[in-house]
Amino acid sequence: MPTALSLLDLAPIAAGQTARDSLQASVALARAAESAGYQRVWYAEHHNMATIASSATSVVIGHVAAHTSSIRLGAGGIMLPNHSPLVIAEQFGTLETLFPGRIDLGLGRAPGSDQVTMRALRRDHLSADTFPQDVLELQGYLAGRSVIPGVQAVPRAEQPVPLYILGSSLFGAQLAARLGLPYAFASHFAPEALHQAVRVYRETFTPSRQLAEPYVIVGVNVVAADTHDEAVAQMRSAYRARTRAFISRGTVGRNYTDAEIDAFLASPNGQNLASMTRYTAVGTPEEVRDYLEDFAATAHADELITAHHAQSLPDRLRSVELTGAVMAAPAAA
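Here the sequence shown stands for residues 1 to 333, where the numbers follow the numbering used here.
Think of the hints as simulated: they come from the structure by calculation, not from any bench.
In this text, all values refer to a predicted model and were calculated from it rather than measured experimentally.
Don't be surprised by glycine CBs; every beta carbon is placed ideally from N, CA and C.
Hints may be right or wrong, so weigh each one.
[Stated by the list, open to error] Now the in silico label distances, taken between C-beta atoms and shown as ranges:
hint: 1; residue 1: THR257; residue 2: THR204; range: 41 to 51 Å
hint: 2; residue 1: LEU170; residue 2: ILE247; range: 42 to 52 Å
hint: 3; residue 1: GLU158; residue 2: ALA66; range: 12 to 22 Å
hint: 4; residue 1: GLU158; residue 2: SER312; range: 20 to 30 Å
hint: 5; residue 1: TYR256; residue 2: PRO155; range: 45 to 55 Å
Let the hints inform the model, and build the full structure from the sequences given.
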């Protein structure tokens with residue numbers, strides 16, 4: 001694979017299923033990614049979302065790690081302002097101690113929730129302002145060079161957990177470059193600033209103990225199937241379900257028809273939501289490969305982290321397997 005391939009598992013809880021079903025599906029997806037040669041699987045911290053089961057992100061990582069053998073697993077990401085850096089260092093130091101050489105820690109500064117939930121998390125509305133300092137504090141704990149005299153994170157693994165800065169704006173790009181850390185851009189749902197952020201990161205990167213050269217991961221949505229029509233049908237179904245979840249969030253209301261959802265997405269009010277999934281590879285394995293290779297080249301990405309959106313687990317597994325196989329295959333002469 002000229003460009004490394006990874007998986008972002010959003011741990012969705014489908015209609016009629018439970019969180020336990022979702023977490024069992026996460027194990028199956030990680031195993032499929034491991035078999036197909038993916039570099040890593042990441043899980044995102046979200047709160048107060050009835051359709052996402054990855055709120056206790058470090059617990060999910062530990063569970064999946066215990067049911068896989070070699071693939072890297074991590075947070076994409078931990079929303080650091082929700083937490084004490086010491087607590088996150090303890091959690092990920094524990095994970096790395098249990099599963100050495102397999103744990104990643106991606107860090108973001110968004111709440112991963114709404115304003116009411118942010119208050120329930122005991123998060124101050126100004127907590128994001130100290131994100132750069134919190135990253136340095138966390139980095140110090142993980143490396144055994146605490147910036148807080150007399151305080152250390154226990155357990156601390158033999159090798160520091162690698163940090164990644166996540167973002168969807170120039171702020172994250174600039175911070176990752178200044179700290180000499182890998183940068184992951186959330187272009188699978190926030191595509192607008194992708195190219196500018198990657199350019200800023202690469203042009204201003206400063207080498208660090210962790211990283212000598214800039215390293216860019218970009219998010220992209222994928223729906224791969226055995227036929228083009230199957231993939232398109234799966235994509236439409238998944239994106240309609242996603243739109244319903246956005247419209248109905250926090251309320252118990254009507255179930256919008258497919259026609260109503262399509263009309264909303266085509267309306268001025270729905271255009272912003274529709275544009276969030278601008279970067280989507282959909283179709284047969286060959287069509288997906290062509291899209292991903294072009295996307296990686298134009299985004300100047302070292303690694304693609306793919307979010308597979310088919311609603312049923314068998315279809316999602318098939319998409320992961322087909323994509324892994326076609327990206328690993330030698331290029332046609």
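Please list, smallest to largest, the hint numbers that this structure does not respect. Violated hints (numbers, rising): 2 and 4; every other hint is consistent with the structure.
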